[in-house]
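J.: Chain by chain, the residues run as shown.
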Amino acid sequence: MRSMPAVACGAFFPTPREFKSVVWPLALFLGFLATGSVPRDAYSGEDVFSASGGKWRVSYGGAGTWQVINTSNVALSDLRFGDFDGNCRADVFTSSGGKWLVSYNGTGLWQVLNTSSVALSNLRFGDFDGDGKTDVFTASGGKWRISSGGTGSWQVINNSSLGVSDLRFGDFNGDGKTDVFAAWGGKWRVSFGGTGNWQVINNSSLGVADLRFGDFDGDGKTDVFAAWGGKWRVSLGGTGNWQVINNSSFGVPDLRFGDFDGDGKTDVFAAWGGKWRISSGGTSNWKVINTSNVGLSDLRLGDFNGLSSDSDAIAHSCMRISRFTTASLDNATADAILASASSVLQTKDGPDDVACPVKLTRAGNVTVFATGGGSVNTAAQFNALIALPGHVKVVNQINWCGTFQPGIIGCSPVGGNSQVVVRYTANEEGILWAHEYGHTRGLGHRNDTNAVMNPFIGITETRVNSAECAAFRK
Amino acid sequence: MSGGQRALAGILFAIILAVTVDPAAGQAPDIRTFVHRIYIEGVPYEEAARFDPAASVPILLDMLADPKEADYWPNIVVTLGMLGDERAVDPLIQFLQQGATAPLSHPQYIAKSSVVMALGYIVNKSGSEKALQFLVESTDPEVWTRRDIKWSSPYHSTEVERNRQLTIMSVLGLGLSGDPRAARVLRSLRQAPATPQAKNLRAQIPDVGDVLKDALQANQKIAKTGMADYYRQRFPKPLPGTK
Chain A
1 MRSMPAVACG
11 AFFPTPREFK
21 SVVWPLALFL
31 GFLATGSVPR
41 DAYSGEDVFS
51 ASGGKWRVSY
61 GGAGTWQVIN
71 TSNVALSDLR
81 FGDFDGNCRA
91 DVFTSSGGKW
101 LVSYNGTGLW
111 QVLNTSSVAL
121 SNLRFGDFDG
131 DGKTDVFTAS
141 GGKWRISSGG
151 TGSWQVINNS
161 SLGVSDLRFG
171 DFNGDGKTDV
181 FAAWGGKWRV
191 SFGGTGNWQV
201 INNSSLGVAD
211 LRFGDFDGDG
221 KTDVFAAWGG
231 KWRVSLGGTG
241 NWQVINNSSF
251 GVPDLRFGDF
261 DGDGKTDVFA
271 AWGGKWRISS
281 GGTSNWKVIN
291 TSNVGLSDLR
301 LGDFNGLSSD
311 SDAIAHSCMR
321 ISRFTTASLD
331 NATADAILAS
341 ASSVLQTKDG
351 PDDVACPVKL
361 TRAGNVTVFA
371 TGGGSVNTAA
381 QFNALIALPG
391 HVKVVNQINW
401 CGTFQPGIIG
411 CSPVGGNSQV
421 VVRYTANEEG
431 ILWAHEYGHT
441 RGLGHRNDTN
451 AVMNPFIGIT
461 ETRVNSAECA
471 AFRK
Chain B
1 MSGGQRALAG
11 ILFAIILAVT
21 VDPAAGQAPD
31 IRTFVHRIYI
41 EGVPYEEAAR
51 FDPAASVPIL
61 LDMLADPKEA
71 DYWPNIVVTL
81 GMLGDERAVD
91 PLIQFLQQGA
101 TAPLSHPQYI
111 AKSSVVMALG
121 YIVNKSGSEK
131 ALQFLVESTD
141 PEVWTRRDIK
151 WSSPYHSTEV
161 ERNRQLTIMS
171 VLGLGLSGDP
181 RAARVLRSLR
191 QAPATPQAKN
201 LRAQIPDVGD
211 VLKDALQANQ
221 KIAKTGMADY
231 YRQRFPKPLP
241 GTK
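Line order of the protein sequences matches chains A and B. Just so we're aligned, residue 1 is where the first sequence starts under the working numbering, counting upward by one. Just so we're aligned, residue 1 is where the second sequence starts under the working numbering, counting upward by one.
There may be inaccurate statements among the hints.
For each label pair, taking beta carbons as the anchor points, the in silico distance ranges come out as [what the hints assert, rightly or not]:
no.: 1; chain 1: B; residue 1: Arg147; chain 2: A; residue 2: Ala355; range: 46 to 56 Å
no.: 2; chain 1: A; residue 1: Val244; chain 2: B; residue 2: Glu142; range: 49 to 59 Å
no.: 3; chain 1: B; residue 1: Arg32; chain 2: A; residue 2: Thr65; range: 54 to 64 Å
no.: 4; chain 1: A; residue 1: Gly163; chain 2: B; residue 2: Glu142; range: 56 to 66 Å
Chain A side only, calculated, beta carbon under 10 Å to chain B, not exhaustive [claimed, not checked]:
no.: 5; residue: Ser165
no.: 6; residue: Gly410
no.: 7; residue: Tyr424
None of these hints come from the bench; they were simulated from the model. All values reported here derive from a predicted model rather than from experimental measurement. Ideal placement from N, C-alpha and C gives every residue a C-beta, glycine not left out.
Work the whole structure out from these sequences, hints included.
T.: And the structure:
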């Protein structure tokens, strides 16, 4: 069995947002509801998972050859997926003998996550509390309950007579928490976070069995997908009118959904004629991504390695990124900054530098927060931002970082969970984010004009020593 | 101490270590090089304060008037403040108040809004009555309209929002001054029953209470142990194995 890769998320809260784009694939595969939610990070494409002959196999990005990642005799139909440790990689979940078991990253040995007598068929998965770890959901006796992270005891989050078979899940308001979706009486309704009252978001005669879910426009909010009359249609955010996005005779039972090309938009996946195909964003023509006789019913989708081909030597850190409403940052820019930060750490560019194998990647879409006024003026405001979910919070101005000081562009609690930054010089933002990430990994400053951890930055401040590298890889 | 306070106290914030020399050059940078750097946690006070104001202030004022230096205006403004030379008060106030109605760029906005905190540094070092008076008057958010400031913030959709932030930063300037006269003003704005001025401030900035409290604490700390010590206390301890 492959050893577990080093993961640099550490104490970070992981990604909750990926649920909106991955809850539905499993529902589609299983032909009923979302019974698992496979996390993904936007850097990589979706991976394809299968279980047969006592082995679990993954085709990374859906384009790679099958690789055995584990051995297990548990049938595919008894497997569910989620990110229970919050490292942005799919873990495999099952229930047996009154115990919940998890195989972290799909590569680990089964470990007991919790004890429960609730049948697997009555479980659903999502990040209802927004902490970036998959929670387990169930509905019975007129109540909805979650087990936070799969390890907590059942907590009642709402009262409803609807059972799990009537429900679907997504992040319809883009707040990073899984919402509950249902349809009856010609209306679509959402309970935000699973805790709110039902709110009508649209009028439609289509019920949940006819619907699929994904983020087809990449705005961070779950969209609703349907197919009829030879056309694929999307209701953006579940609130918009149907928009035709493609022509195809394939109906929803023949389709699966995931972000295979890593552009932050959900793609449509199908398999026929010994080939796997995707329609990018659901709008492009079919593209063959692989040849395989394994059909839809024997596949699951998820991001099992975070990347498609990197070796285990690289420590991956998946980072959820958010910005204040008036701050400027989109997915592409965030990716560019993270790529720059990764390059700064990985590149050996001096005798006292080490090539530090750390890769920072974006988890989910850049989200928006309204906490504070976009300026950090007090300790309370700073702490409020740090308490928000996610790892990078972009604001417009920082005037407090332990003491009052104007003109701060980055501030992080040393050994903390997240960093607060201001957008700044484009070619040095990667250094800034790497520097602040270093603080969250426990690093202080180092007075060396070539060091990433130098208090001021420039294009030469790119070096990390071995001790710092070890911290970056924690 | 509450749990939250303990948690806060447990956090080591990453702030500037004293960068006394440029290790690459083996000597202190000149003032131009100094303000052209990008300081992650702000201009380092101790290093800025080592420059000779007599020689440095004219250079910085020239740079403040040079649009080609606009990207560095935030550092220039703050450094002028840290030098503590009263000659910078009028140019800084003029710099803050001038400008057309078009929205400012990010560095322009940061520079202009930082003037009031820079004035706090000047009060701390020189006791400038004019700078202090400007800050005291700036605790009224409506003063910015009366001063006929025309420029728009890139981050605030209304003039009222811009004015609130400028007033909040003025309160921080009073805190940074470490001046007992400023402390009296801060106390009066916090006291109950509220004075008419305090009522007005609280009405316009409902969450100003935290700002006043933190600013007063900073003022008292700086008054007691000095600005350098105020900043020195936040330095994190380097990890073993680092320089």
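J.: Compare the structure with each hint and give your call.
T.: Structure-based check of each hint:
no., hint, verdict
1, B:Arg147 with A:Ala355: 46 to 56 Å, "holds (54 Å)"
2, A:Val244 with B:Glu142: 49 to 59 Å, "holds (54 Å)"
3, B:Arg32 with A:Thr65: 54 to 64 Å, "holds (58 Å)"
4, A:Gly163 with B:Glu142: 56 to 66 Å, "holds (58 Å)"
5, Ser165, "violated (43 Å)"
6, Gly410, "holds (5 Å)"
7, Tyr424, "holds (7 Å)"
Violated hint: 5 only; the structure is consistent with all others.
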